[in-house]
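*Asks:* Here is what each chain is made of, one letter per residue.
There are 2 protein chains.
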Amino acid sequence: MSAVSAPPRAAAPEEAIAELRALLGDRLSTSGAVREHHGKDESYHPVVPPDAVAFALSTEEVSAIVKVCAKHKVPVIPFGTGTSLEGGVAALHGGVTIDVSGMREILRVSPEDLDVTVQAGVTRKQLNEHLRDTGLFFPIDPGADASLGGMTATRASGTNAVRYGTMRENVLGLTVVLADGRIIKTGGRARKSAAGYDLTRLFVGSEGTLGVITEVTLRLYGIPEAMSAAVCPFETVQGAVDTVIQTIQAGIPVARVEFLDDVQMDAINRHSKMNMAVRPTLFFEFHGTTAGVKEQAEMVGAIARENGGTDFDWATRPEDRNKLWAARHDAYYAALALRPGSKGWPTDVCVPISRLADAIIETKADIAASHLISPVVGHVGDGNFHLVFLVDPDKPEDMAEAQRLNDRLVERALAMGGTCTGEHGIGYGKMAFLEQEAGDALFAMAAVKKALDPDNIMNPGKVVRV
Amino acid sequence: MSAVSAPPRAAAPEEAIAELRALLGDRLSTSGAVREHHGKDESYHPVVPPDAVAFALSTEEVSAIVKVCAKHKVPVIPFGTGTSLEGGVAALHGGVTIDVSGMREILRVSPEDLDVTVQAGVTRKQLNEHLRDTGLFFPIDPGADASLGGMTATRASGTNAVRYGTMRENVLGLTVVLADGRIIKTGGRARKSAAGYDLTRLFVGSEGTLGVITEVTLRLYGIPEAMSAAVCPFETVQGAVDTVIQTIQAGIPVARVEFLDDVQMDAINRHSKMNMAVRPTLFFEFHGTTAGVKEQAEMVGAIARENGGTDFDWATRPEDRNKLWAARHDAYYAALALRPGSKGWPTDVCVPISRLADAIIETKADIAASHLISPVVGHVGDGNFHLVFLVDPDKPEDMAEAQRLNDRLVERALAMGGTCTGEHGIGYGKMAFLEQEAGDALFAMAAVKKALDPDNIMNPGKVVRV
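Residue numbers (my numbering), protein chains in the order written: chain B, 85 to 550; chain G, 85 to 550.
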């Protein structure tokens, strides 16, 4: 399997751009800098700028823009914060990027129902800032301060998913603009429903290829009475992973459990001026009542000790907890500093938890035999782990080696009954892997794509080939 | 809105039946009794028998049957235990019912991964019986001992959904036979995935209209260390519902919280020879560690007392707990006994929890002003509640009045931001309500249906009109 290259671009859609300029005035840009910015995400994929960028402020405006594009069969690429990792925002066939970052209104908060409706451009940190005085929070935390529309479109998750689920479990309903400009509402505010096809879940993870998400209704949670964190180094990767498996099997409702390998711990020590053991390590967080949190930590501490965990260090003070998690959140930047001047090629897979130790150990052996450095970190309660290959994009041998390691990683995950991506998405970087994973089910995905986007204008060239 | 009547039936598909008989021998039946049995579910909907019933034993056999039906454009109706409630198994356009009740094999249990793969005909009780020695259980418990394929197809839930979710959250992956006989696998065994469209969730709740589910991979849970139950009568419906809202808001991980109104409590006392207060009542169940369960019960007890709950009675002994839940599970039969000889017309809606007290109180006023009796029970932690109109199906005034009350119930739920069914599904009994609820989103549902079933042979006349 080789790197996917961008297909040739269509001619500039001049007529559509003229109509959009009449509609949007200054909020339609064809400047080189703006186009470049919108053709690039946070990954190693090359810049592929659109022909124009439309800055939308409402669902109705997105609908009007899509109608113009549909009339001229011009591609439409939705854009939130541009923090996708598999080339999701690249304008592979040219067209118009719809930037929803100006749609930053929090439309409704219902503390009694523990839900909220936001415009798609609201970011996760903006939402939690807004919720600060309500005693509620929204738990999904991918690395970036991404837009909630983008997080929905990529089925994002993060460190809290083991307890609170991913965007799949936390989106109650959506407003979506379809490929013909039609506005639909999927789902509603009921916690459960048996009413018809689950369009909400169909759009969650569709990466802009079925429609443009403009509003999102999300579940919220009460901030727990008590939180505590713990850190524990292990003799072996196996010991760390077995601790996670036994914790999950025991039904201990751990809020976060993150694995960091020796390479990542070394990077964090250097970057964050800390002095933690350079060993396979687990970071935990516990949420609950004061007594419940204490009980969880004691149970997990006992499991860790049985599996070769040493110095199970339990922090209840917010400042200690925050320091630990700040170090975890800086893991990516800490990793990059291991090879100054390098770029990161991030990738992730997810496997059944019984295969997690094997998956990580075999992957670390691959990396050890390679000239590339890559730390391993993971949301291991879900069986999900990440690599970041530190590459010089100008060195073909680096890129080829990263691709080779990535291929081996994914093929191993699939052979173990896992998936080619736990949370980064397909974009165009993992389409070949999706074909391998989905097999004949790809036929059904393509049929759905053709049904909802017959002219293939919605983020074409991503997720599913049609 | 009036009751939906069955469309005229197509001519008997003789050629298809002959081919299926060659394929299946004795396992293809055209006997009147077998056809009648398969044309009827547990609801008030009339018997609409298929032309033939095919008893399938494997995914490959289902595929072969569907291929024959596809060739002759003969309708296909999947059938598990026949316990649907909105006419889902009725052969509205004739055709062949595929009975998967012989597909009762538990294909794999992975205690380490807390998951299992079963054939579609395995029932929930059979699965839990099989799991008995593993320390694991599967929590979803609709009233009937339904097949797991059918529970998937109708997006079923039950009393544990407030803690463990519905079939939507608990199906990891599926094997499905599409309308052309193609076999696909959706999802896998990874706990999360960002790989392509969420076909799993598309088939969960599709009620046989997009394909035949033949195998289901499900999440399992460890049996909690401790369980306890509690029962608490309230002065008012408002007090009971406010207790539920405050419990959910406080993040107390209650495993079950069931509301039963005074009418239902009276019925239970008579039916189960008990002597509980004839008042709006909550039944609770708590799962966790011994200390955690005690803490949960104490917290909920305090909330209940603040809301006019009296005699919060906490049972930790299994026999007391089982007696309470047996009474709850018999609620339907207890209700029917309130009007000897009557049939039940069951219905359910789900609303945002902040509107739940209003929804129940206004609905009870409707019932009080009617000549029909209907107890109210609910999985109120989700905002979901049920009525059972006790009708004589031979009395048109009973059926018209039940329809009128049902219309008012659903319209009220929709006006409150809720859904026309929380867990029973659409079948053909609630198609008009779905049209009202989904609005323009129905276009997308119909597009998906046409894409995956272009000849409209999969359970035609249900869920979405095409």
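It cannot be assumed that every hint is accurate.
Since the list gives no way to pick out one identical chain from another, each pair is judged satisfied if it fits inside one copy or across any two copies.
Claimed, not checked - Below, a list of computed lysine-lysine pairs in the DSSO-like style, where the Cα atoms sit at most 27 angstroms apart:
| no. | residue 1 | residue 2 |
| --- | --- | --- |
| 1 | 357 | 151 |
| 2 | 357 | 427 |
| 3 | 448 | 357 |
| 4 | 378 | 155 |
| 5 | 151 | 534 |
Simulated from the structure, these hints should not be mistaken for laboratory data.
*Asks:* Is the C-alpha distance from residue 151 to residue 534 at most 27 angstroms within one copy, between copies, in both cases, or in neither?
*Replies:* Both: 18 angstroms inside a chain and 23 angstroms across chains, each within 27 angstroms.
*Asks:* Using 27 angstroms as the alpha carbon limit, work out where residue 357 and residue 151 are close: within a copy, between copies, both or neither.
*Replies:* neither (53 angstroms within a copy, 65 angstroms between copies)
*Asks:* Can you give me the call for residue 448 and residue 357, within, between, both or neither, at a CA distance of at most 27 angstroms?
*Replies:* Close inside one copy (25 angstroms), not across copies (65 angstroms); limit 27 angstroms.
*Asks:* Checking an output row: residue 357 and residue 427, CA cutoff 27 angstroms. Within, between, both or neither?
*Replies:* within (22 angstroms within a copy, 73 angstroms between copies)
*Asks:* Go through the copies and call it for residue 378 and residue 155: within, between, both or neither, with a Cα cutoff of 27 angstroms.
*Replies:* neither (61 angstroms within a copy, 63 angstroms between copies)
The earlier numbered hints that this structure contradicts are 1, 4.
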